[in-house]
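Sequences are here, hints too, so could you generate the full structure?
Here my numbering runs 92 ahead of the position in the sequence shown, where the first position is 1.
In case anyone wonders, no lab produced these hints; they're calculated from the structure. A hint or two may mislead.
[To be verified] Each computed SDA-like pair below joins lysine to any residue, with the alpha-carbon atoms no more than 20 angstroms apart:
1) K129 / F247
2) K129 / D110
3) K493 / D318
4) K493 / T385
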Amino acid sequence: MQNSAPIRPILRVWTYRDYALFMAGCIPNYITFWMQKVGIGWLAWDLTHSTFWLGLVTAIDLAPLLIFAPIAGALADRWGALNQFRVTQIGVMAHAAALPGLYFTGFLNIEALVALTIFSGIVYPFMSTARLGVLPRILPRDILASGIGMDSAFFHGSRFIGPAIAALLIPLYGVGATFVVNAIGCGGLLIALWLIELRPAEGEARKPKNLFADVGEAFSYVRHHDGIGPIFLLLTIASTFTRPIQDMLPGIAGGIFHAGPEGLAWLTSALGIGAMISAAWIATRGRVAGLTTVIMTGALNVSIGSIALVLSDQLLLGIPCAALIGFSLNTMSTSVQTLVQSAVSDDMRGRVMSLYVMIFRGAPALGSLVIGLISDRFGLSATFVLAGCLGLISWGFSMPKRKQIAASLEISHKS
Numbered sequence: 093m094q095n096s097a098p099i100r101p102i103l104r105v106w107t108y109r110d111y112a113l114f115m116a117g118c119i120p121n122y123i124t125f126w127m128q129k130v131g132i133g134w135l136a137w138d139l140t141h142s143t144f145w146l147g148l149v150t151a152i153d154l155a156p157l158l159i160f161a162p163i164a165g166a167l168a169d170r171w172g173a174l175n176q177f178r179v180t181q182i183g184v185m186a187h188a189a190a191l192p193g194l195y196f197t198g199f200l201n202i203e204a205l206v207a208l209t210i211f212s213g214i215v216y217p218f219m220s221t222a223r224l225g226v227l228p229r230i231l232p233r234d235i236l237a238s239g240i241g242m243d244s245a246f247f248h249g250s251r252f253i254g255p256a257i258a259a260l261l262i263p264l265y266g267v268g269a270t271f272v273v274n275a276i277g278c279g280g281l282l283i284a285l286w287l288i289e290l291r292p293a294e295g296e297a298r299k300p301k302n303l304f305a306d307v308g309e310a311f312s313y314v315r316h317h318d319g320i321g322p323i324f325l326l327l328t329i330a331s332t333f334t335r336p337i338q339d340m341l342p343g344i345a346g347g348i349f350h351a352g353p354e355g356l357a358w359l360t361s362a363l364g365i366g367a368m369i370s371a372a373w374i375a376t377r378g379r380v381a382g383l384t385t386v387i388m389t390g391a392l393n394v395s396i397g398s399i400a401l402v403l404s405d406q407l408l409l410g411i412p413c414a415a416l417i418g419f420s421l422n423t424m425s426t427s428v429q430t431l432v433q434s435a436v437s438d439d440m441r442g443r444v445m446s447l448y449v450m451i452f453r454g455a456p457a458l459g460s461l462v463i464g465l466i467s468d469r470f471g472l473s474a475t476f477v478l479a480g481c482l483g484l485i486s487w488g489f490s491m492p493k494r495k496q497i498a499a500s501l502e503i504s505h506k507s
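Okay, structure coming up:
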């Protein structure tokens with residue numbers, strides 16, 4: 093009986109009908125989403141053979157998030173997370189249907205691809221913020237950590253499964269096949285969203301203020317919260333200065349380890365496998381208690397891993413460092429999300445989680461730009477040693493507050 097204890101939280105989350113429906117829609121869509129990402133990148137290169145256009149398509153997919161995420165959270169609190177998710181998923185479905193439609197009719201040039209990417213980039217913060225507000229309303233708080241961990245494990249697993257399938261599909265049927273498959277995946281998720289029902293919100297309904305006043309209230313809430321403010325700050329430092337390692341892996345593989353595509357593949361796989369192991373561990377752990385310590389340990393290890401990764405030119409030493417970074421980054425982000433989701437009140441959830449989305453997705457985009465500029469002058473090794481040191485400094489400042497954070501987020505699950 094003791095041997096089965098770690099999997100009990102995982103098995104339990106699937107007994108909830110709405111969680112099972114939600115994940116039945118999300119899991120295939122995660123895979124097809126990454127297939128489409130590969131297809132879009134390949135098409136941008138095939139149309140232009142220009143790194144400028146390739147980088148532009150990536151940048152404009154993330155840039156709107158920094159502007160719209162806080163507004164998306166305020167709207168989710170007003171309108172309801174599930175309602176917003178359904179409507180924005182219709183927008184995602186429209187984008188997914190437009191790609192194959194324009195591609196197979198011969199109208200998908202680079203300008204059209206950029207326009208579609210701008211559209212999806214604007215929709216994404218509204219969709220992702222709403223999505224984060226759904227899970228806590230379909231699972232009780234005592235198994236929320238397992239539900240979030242499972243979701244994270246499937247998402248990270250899809251980052252390998254999707255591109256692998258796309259790599260097989262594109263040579264056989266062309267890049268348009270990845271667009272068709274993703275349109276089907278988006279349709280499946282949309283159906284699932286219309287079948288699920290949310291548990292009643294906790295607490296009394298709040299009278300909405302001016303939209304921008306609501307956004308300001310979220311920033312004030314986070315800044316003055318004894319737990320959320322410090323761990324958001326810690327995650328911001330890691331997301332800005334350490335997470336860009338993922339984007340810089342081609343340069344690290346070639347410039348530091350003097351390895352070709354095979355070396356890049358090993359480093360990328362190690363990073364992803366570390367993240368998957370982390371997500372599975374959080375899911376089987378299945379409890380909120382102790383997550384503050386998990387976050388602090390993750391912040392320490394990701395800083396150490398970042399420094400260790402670039403101090404040697406031996407690929408065999410770099411691979412376990414990449415795995416440690418992947419494990420630690422995902423442990424931090426998933427644990428932060430779980431703690432905040434467990435503690436924040438329903439009337440503030442959308443706005444607070446929109447700031448999490450802005451940090452976790454938007455900060456790395458800004459960080460990649462900063463890291464790129466610095467490394468052009470001082471080199472990748474010196475830059476990531478500096479980034480790791482900044483992480484260690486932020487960890488050092490956060491450690492004295494760990495009891496305060498734990499008392500705020502783990503013991504009393506109140507706003």
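So, going through the hints one by one against the coordinates:
1. K129 / F247: 14 angstroms, holds
2. K129 / D110: Violated, at roughly 28 angstroms.
3. K493 / D318: 9 angstroms, holds
4. K493 / T385: 11 angstroms, holds
Hint violations for this structure: number 2 only, all remaining hints satisfied.
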